[in-house]
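Novice: Residues per chain are reported as follows:
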Amino acid sequence: MVAIAERILLTKSNVRELHSISVYLEHGGYQALKKALSMPPADIISMVEQSELRGRGGAGFPAGRKWRFLPAGRQLKRYLICNADEGEPGTFKDRQIMEFDPHLLIEGMTIAGYATGSCQGFIYIRGEYDWIAKVLVRAIKEAEDIGFSGNNILDTGFSFCVDVFRGAGSYICGEETALIESIEGKAGRPRLKPPFPASCGLYGEPTVIHNVSTLAFVPFIIERGPEAFKSFGKPGSYGTKMFGLCGHVNKPGVYEHPLGVSLKKLIYEDAGGIKGGKRLKAVIPGGLSAPVLKANEIDISMDFDSLTAAGSLLGTGGIIVLDEGVSIPFVAQKTAKFFAHESCGKCTPCREGTNVIRFLMDRLMQGKGSLNDIEQVLRLCRYMKGATLCALGEAAALAIGTMVRKFRDEFEELVK
Amino acid sequence: MDDKVKKLIIKLTHRFPKKESAVLPALAMIQKRSGRIIEDDMEEIARIMNLPEARVFSAASFYSMLSLKRIGKYHIQVCNNIVCSLLGSESLWDHISERLGITEGEITDDGLFSISSVECLGSCGYGPAMQINMDHYENMTVEKTDYIIDSIRRGEWWL
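Same order as they appear, the protein sequences are chains X and A. In terms of my numbering, the first sequence opens at residue 1259 and continues consecutively. In terms of my numbering, the second sequence opens at residue 9 and continues consecutively.
So here's chain X without its partners, still in its complex pose (with noise of 0.2 Å):
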């Protein structure tokens, strides 16, 4: 059991029907909320720049300097957008916030929107959550009734609503460009950049994109300031992150930490070891975009630099674990077949690069494959590396490519 000290977002994850606003009020619910609409919100954005708050979709993203990228001056619309596409495999953290805690989201999504000027904010939710989503829809019915949300929040003259907006099915609907695209209504396919959203996003105006567990970290941030924030994590990589541990593993869930705990203890304490007292053979560490780690790389600080200093990534924190009976070029063929399914086609290097991929892993596993086949797979990872123009293509070379470094004696063995 994690102590409840080393938590932020889950504290309250023991409290029943949280979800709802009577309950989460009694435990101090939008009290944040209160305390930051008595200050101006430059104050707010300072103080989410001092926390040092990095993004937690993925890309780790400073959140502060996010919202200092919007133009000056408040005469434009702008738009605030949570991105609960949650698409990434073996990622399912933001769902126990949004399907067990809604109300931190909300609160969280209408202090950034105070902050940032923000009209209305947008929840976009992946179409297989279909029952959270009805979860969101109630909670921000709830938080309208008491004047939490909607039209002049608590007397102040702010008015701040939120949406929730079902996706329809598309991984790449969680790159915050394409998930514009999908709000506005067109197939999802990435924008080039720059201009980035928070010049010209949603409608063309200025808009602010985070993930759920980045903006359910704004209300601690607020009511506790950012030294509470900081004083979990290390530098670089302050606060908690939810882990998703899946896999092989005998208690897969999700566990919350301070960033910088130790990938061994995640896999043997918290998920309680190798399933059937198997033996550990890989991890992929955060989402299937991350490359993956061998068993002797695990002792590793699950941190932003630490990772990728390991040639991986933090990602979105959930944790694959495969044990000794994985095959590995099996799981480089899925891995393939996923991304090209995804890839949305707009540019080229994506497009045909991983489907000629996913058509050289279909031979090798067929076994008509040649050892020229493996060449050409890392080849073509390594010409798509850079050249496209979202980072789906670039994770499928290097989540590829990684796995066939890694482990290429099993891939050699393939074409004997």
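Simulated from the structure, these hints should not be mistaken for laboratory data. One thing to keep in mind: the hints can contain errors.
Claimed, not checked - Okay, the calculated bits of chain A under chain X, using three or more residues with CB under 8 Å as the criterion:
hint : stretch
1    : 26-35
2    : 126-139
3    : 151-157
The structure displayed is predicted, hence computed values, not measured ones. Think of the CB as a built atom: it goes at the ideal place given N, C-alpha and C, for glycine as much as any other residue.
On the provided structure of chain X, position chain A as indicated by the hints.
Specialist: Quick look at chain A alone, frame taken from chain X:
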């Protein structure tokens, strides 16, 4: 398209700052009501929102939860992504496919079932996962799936 649906779509357009944002909600609503989206629907949406038809078609054909082809009344979507595969979704798929006598893109003769192998459903901690129409099921087994299929056939399963 009947007038009731048209009215619902017009209502949707008022919900957003710009009416084009109602394209996806409108398509999802039609998908839910009739199980598929036909050309007539897309033309009507384009007309109501004053958009080129191609734009509505490009959206309708892009998302995996929208279907331009006919599907069964109960559309079973089994996750085939890595984690669910490791936890047995492939044998689950084989079982369902064999049991219903159909494969990807086919519909049972009674029009009741169709199956589709889909990417990550966001239930990696609780796999194998599947979805029937909009209903989400986790920690699935062959027995549970059989129970659901049998119940649907007897008319005792409501979605």
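Novice: Hints the structure violates: just list their numbers, smallest first.
Specialist: 3
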